[in-house]
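Enquirer: As a plain string of letters, each chain reads:
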Amino acid sequence: MTDFEPENDATGDPAAGWEVMDHTADIGLRVWAPTLEGLFEQAAEGVASLSVDITRIDPLVQRRVEVEGWDLEELLVSWLQEFLYLWSGSGFIGRRFQVRILPPSKQEPGEQDPEKADVEKAGVENVWRLEGVITGEMWDPGRHEAYTDIKAATYHNLKIRSENPAGGKIIYRVALILDT
Amino acid sequence: MKLERVKDWLWEIPKTGKMRVPGRIYATKPLLEQLRSEGGLEQVANVAHLPGIVGYSLAMPDIHWGYGFPIGGVAATDPAAGGVISPGGVGYDINCGVRLATTQLQLEDVQPKIQKLVASMFRHIPCGVGSHGAVKRAGHQEMLDLIKNGARWAVKRGYGKSDDLNFIEDGGSLPGADPDRVSQRAMDRGSEQVGTLGSGNHFAEIEVVEEIYHPEAAREFGIREGQITLMIHTGSRGFGYQICDDYLKLMGRAIRRYNIEIPDRQLACAPVESEEGRGYLAAMFAAANYAWANRQTIMHLAEKAFLEGLSCHPRDLGLSLVYDVCHNIAKLENHQVGGKTRRLCVHRKGATRAFWPQGTRPGRSVGQPIIIPGDMGSCSYLAVGTPKSLEETFGSTAHGAGRVMSRTQAVKTFAGRDLAAELSEEGITVMAQGRRTLAEEMRGAYKNVADVVDTMELAGISLKVARLRPIGVIKG
Numbered sequence: 001m002t003d004f005e006p007e008n009d010a011t012g013d014p015a016a017g018w019e020v021m022d023h024t025a026d027i028g029l030r031v032w033a034p035t036l037e038g039l040f041e042q043a044a045e046g047v048a049s050l051s052v053d054i055t056r057i058d059p060l061v062q063r064r065v066e067v068e069g070w071d072l073e074e075l076l077v078s079w080l081q082e083f084l085y086l087w088s089g090s091g092f093i094g095r096r097f098q099v100r101i102l103p104p105s106k107q108e109p110g111e112q113d114p115e116k117a118d119v120e121k122a123g124v125e126n127v128w129r130l131e132g133v134i135t136g137e138m139w140d141p142g143r144h145e146a147y148t149d150i151k152a153a154t155y156h157n158l159k160i161r162s163e164n165p166a167g168g169k170i171i172y173r174v175a176l177i178l179d180t
Numbered sequence: 001m002k003l004e005r006v007k008d009w010l011w012e013i014p015k016t017g018k019m020r021v022p023g024r025i026y027a028t029k030p031l032l033e034q035l036r037s038e039g040g041l042e043q044v045a046n047v048a049h050l051p052g053i054v055g056y057s058l059a060m061p062d063i064h065w066g067y068g069f070p071i072g073g074v075a076a077t078d079p080a081a082g083g084v085i086s087p088g089g090v091g092y093d094i095n096c097g098v099r100l101a102t103t104q105l106q107l108e109d110v111q112p113k114i115q116k117l118v119a120s121m122f123r124h125i126p127c128g129v130g131s132h133g134a135v136k137r138a139g140h141q142e143m144l145d146l147i148k149n150g151a152r153w154a155v156k157r158g159y160g161k162s163d164d165l166n167f168i169e170d171g172g173s174l175p176g177a178d179p180d181r182v183s184q185r186a187m188d189r190g191s192e193q194v195g196t197l198g199s200g201n202h203f204a205e206i207e208v209v210e211e212i213y214h215p216e217a218a219r220e221f222g223i224r225e226g227q228i229t230l231m232i233h234t235g236s237r238g239f240g241y242q243i244c245d246d247y248l249k250l251m252g253r254a255i256r257r258y259n260i261e262i263p264d265r266q267l268a269c270a271p272v273e274s275e276e277g278r279g280y281l282a283a284m285f286a287a288a289n290y291a292w293a294n295r296q297t298i299m300h301l302a303e304k305a306f307l308e309g310l311s312c313h314p315r316d317l318g319l320s321l322v323y324d325v326c327h328n329i330a331k332l333e334n335h336q337v338g339g340k341t342r343r344l345c346v347h348r349k350g351a352t353r354a355f356w357p358q359g360t361r362p363g364r365s366v367g368q369p370i371i372i373p374g375d376m377g378s379c380s381y382l383a384v385g386t387p388k389s390l391e392e393t394f395g396s397t398a399h400g401a402g403r404v405m406s407r408t409q410a411v412k413t414f415a416g417r418d419l420a421a422e423l424s425e426e427g428i429t430v431m432a433q434g435r436r437t438l439a440e441e442m443r444g445a446y447k448n449v450a451d452v453v454d455t456m457e458l459a460g461i462s463l464k465v466a467r468l469r470p471i472g473v474i475k476g
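So the protein lines, in turn, are chains A and B.
Each step along the first sequence adds one to the number in full-length UniProt numbering, with nothing skipped, and position 95 is 95.
Each step along the second sequence adds one to the number in full-length UniProt numbering, with nothing skipped, and position 452 is 452.
Pulled out of the complex, with its shape left as it was, chain B reads as follows (with noise of 0.2 Å):
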């Protein structure tokens, strides 16, 4: 694949045969050296076939080969142009996501009772294979309502606090999303998975807050060293698998109809000015808000926990959401496009949005905060969104560490080891349903996310406003 440099942290893959646009990647040599043996950088090329597309195919430094799209790929297509929209562009697990949340707790709180907390979270929890809600199994009206208002649904029940709701992205509910879009099977799956944790990457932690960049943003976010923090990494479990793949085979017949051209097949898709597109985006949606429900109900999952774990009092814990970003999701934006406003469909395949200053807090001076999570090993960054996200990426970045080790590998490499021993001597409390989990998602079978963020900041697309650096983890 032929690349050209166009800045140290910015390579182009040339427009030939039927690309529409040329490929871009954030990567800094080292990154891009990685790369050059796998199949992500002849996915970046193929994602430039799509109709519609504008600008770049782009690829951000957690790129990895995926199928489909790239991992870390994002591409926005314009609908007045016949531009499409993919299911393969968005991914099974449909708004797959990160939250983080403060609270008023210091390490020295936590460190001596920190089995015991995770413990506690493991129990409060559900996750791994077969996990059923902590919850009550919602009904058919539930899920009507749940799919319609997403985190305010949770909200509703009692799971978090209204305020919350300031601090998701889109307010944690996408209008358009419509049951009628969603398959019966779809419905059948997701009734019995809200508040459930899943498995794979997923996972909820709590870290310590262990430097900060950022200083004007981290006090605009509440954030401070020695503090400890809440991730939870989760998305729209078998709801969204089962739309992705309801409307895979749509838009597989889709583009015969439409006579589109694509190099793989996973790249199907349809305008998104079609009846198909427009039936995907309202089931898509629906799975995102179902997402944004799932996240908001293990936090208040993970609030009980805590509560129980340190037998502390709600107001000493003082949970308080920072932000909640989803990285594999596809909406209409309107973006600056060689000086004129265009609604576009912007695709983020394993990227998260870089606002500034819109989708942050009123009053907010600062961008969006960014939520880049690492392996289970190292640390994760929150960072924040600049002005030129929006002129280069269409307001993206990164999304996380990106796998350099394929699962087999990793489990290869890691065998006969105890893991959890060995990351418990590094301060790392970690509990885990499967045992293949953990040497699956082992720091080395992951890119240094250091490297990642750091790459972003080079470039001016994201800035990092904070390290933190986990002491428990739990893992489906």
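Bound-form chain A, shown alone (with noise of 0.2 Å):
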């Protein structure tokens, strides 16, 4: 993986951001971005301010993650599923988040259609890729505070959208279900 130059941090930006949905069983996240990056930052930020009191972590250590997917959505779960992994399997917890999204070579950001794709030819040239950076460090009870133990992120009616309001800017929406 090549170094880059994180965008501009979309925190604190009205226009980028995350919610929390009531839904019985589990936890929904409302989450919204002016880019597809800042979407999947937001995210994954919604997802650690649940797990922890994401305040008290110090940005001390970067973990590198590339992750692949079929499609927008089963990149956005396994970008997620990468977060909770490297916190549940090995205790890093992250608090900041920078994401560059590779499309499929001859596709753009936001012209997938899975449904004509071809899964018996899928190659690796078929596939969106995601390099992140996360920055945090190890989990210490002593000083970090445990909220919800999330599980996973789920496919349940998962689908990015995204809206070019006429003559506004155009921003990416995604409601995800985590399973506690």
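You may find that some hints are simply not true.
Residues from chain B that keep clear of chain A, each with C-beta distances beyond 12 Å, as calculated [claimed, not checked]: (1) Arg5; (2) Val21; (3) Ala80; (4) Asp163; (5) Glu210; (6) Arg219; (7) Gly222; (8) Pro314; (9) Arg343; (10) Leu458.
Partner residues are not named here, just some residues of chain B that face chain A (Cβ under 8 Å, in silico) [to be verified]: (11) Trp65; (12) Arg185; (13) Gly198; (14) Ser199; (15) Asp264.
If you are wondering where the hints come from, they were derived from the structure by calculation, not from laboratory data.
None of these values were measured; they are calculated from a predicted model.
In this text, a Cβ means the ideal position worked out from N, Cα and C, and glycines have one as well.
Take the two lone chains and join them into the complex the hints point to.
Expert: Written out as structure tokens, the structure is:
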């Protein structure tokens, strides 16, 4: 993976954010951002914020991750699962997220059409790729407080949508159900 | 959603659109009213779209909105008729389940030392985020052995006795578990977490038998009033989550390969008789065996906690397993459909097997023991399967109380209250790793488990044997 400069951090920008949706059994997360990358970063921040008090996590260590997905939804789930794996598998908890999304060679972001995709011919060049940097530190039960134990990000009714209101800026949205 | 009354406790969603079978929900009117406002009923209808589904898409009275399948959902598919298997019909926590053990102790033996006992349990049984095994990390060879042998692996290591295996669903080990179908990442996650409780609604609980409803079954199960029991609720931890995740990704591709139309991507599936289907079954069975090894190990840790906390001898404690059930699983079972025996793939997503009379100790004259935990403030039930469960629900019944309040709502509702102190006043000593867990799992966040159990009794699917009241709880 090549080094890259993070995009402007979407955190604090009212055009980007996340909020919790009510769901009886599990937790719902509604996320929005002006870029796809921002959407993925916000989603990870949302999941992290539900897992622990991230204000007490110091950005001391960087972990680089690479995931791929057959479409953007699979890419998003894979990215969040990578965060959850680092968290519950190794005790590394991230609070800052930087993402670069690489579309399949013959597609531009937002032009995916999984229905037409031929799975049998799925090759390396046909998948969406994500290169990410997660910054945080190792879990310390003495200093950090855990919130909800999130097992997974699900595919339940998962669809990344983009809105382009007349004269306005494009905005990406997704609603996620997290298994707890 | 259109609903037709079949009986006072049974409702039908008629077959419409691309549903292959109707949906059926076991619920009394008050329970049904609680359901109407959310998405659980729609999910029952969605499950009815699965290829090869037989009879009905079923829901137990503890049904609530999940993802893909509703929680409390039961669906049987016929592999010989293109029937599918869906990882979403099992869930991330594969073979999440409950075990109940009796002791020789009475309430008065334990009550005065309950705080010491709960503290001892909390020390011996790792729980909460980041907890690792109290037992040695399982190396690669150990993991291979564990995957193949489940609870038998734990017994071989000295965790419990070989007689325990007679009181576990499927003897605590499903044949056909294949480590070659399990990713390295799942193996890594699993090796760290054997003998850990986890978080969320998982718990280990000290209870007292408060009331007996079915004396004959109670006698057979060794249950009597005033007796102290131990209940453990946990599953396959990160090992199961990873397997579910790996195979959901694979199945998401398989639905295109096999031209399967489903209304929700979380229902992604593949024919049982396909490369993907067989792969998932073998990996899922590995996680089921892991969960049994985990619960068997935790019971051993709990026994140590009892001996230390009460300073007593194993003989005086007399810990004896009543039964261990799974409530997130899919299994190949023989069932009678239209007078013929068919081998079906039965998904139970938040539902418990309720067989009659198979699956029980040889010589037992009553059905299979069923364990239905409630929320930590009220009570749990021991029940028993009936022949009717085999006729109507592919041998399945409810698995718990079923949530009515979201976790965030519960945290808001109980904010600012000292829940541990409130429970302590009611005679329940609680220790939890996370402060939020208590609020999320508080009474009021769940349906009344008594209503759930009574509905299944009304329907004749399972019968109550005993009510158990918690006096000590540890949680993640």
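Enquirer: If any of the earlier hints don't hold here, list their numbers in rising order.
Expert: Nothing - there is no hint that the structure violates, so all of them hold.
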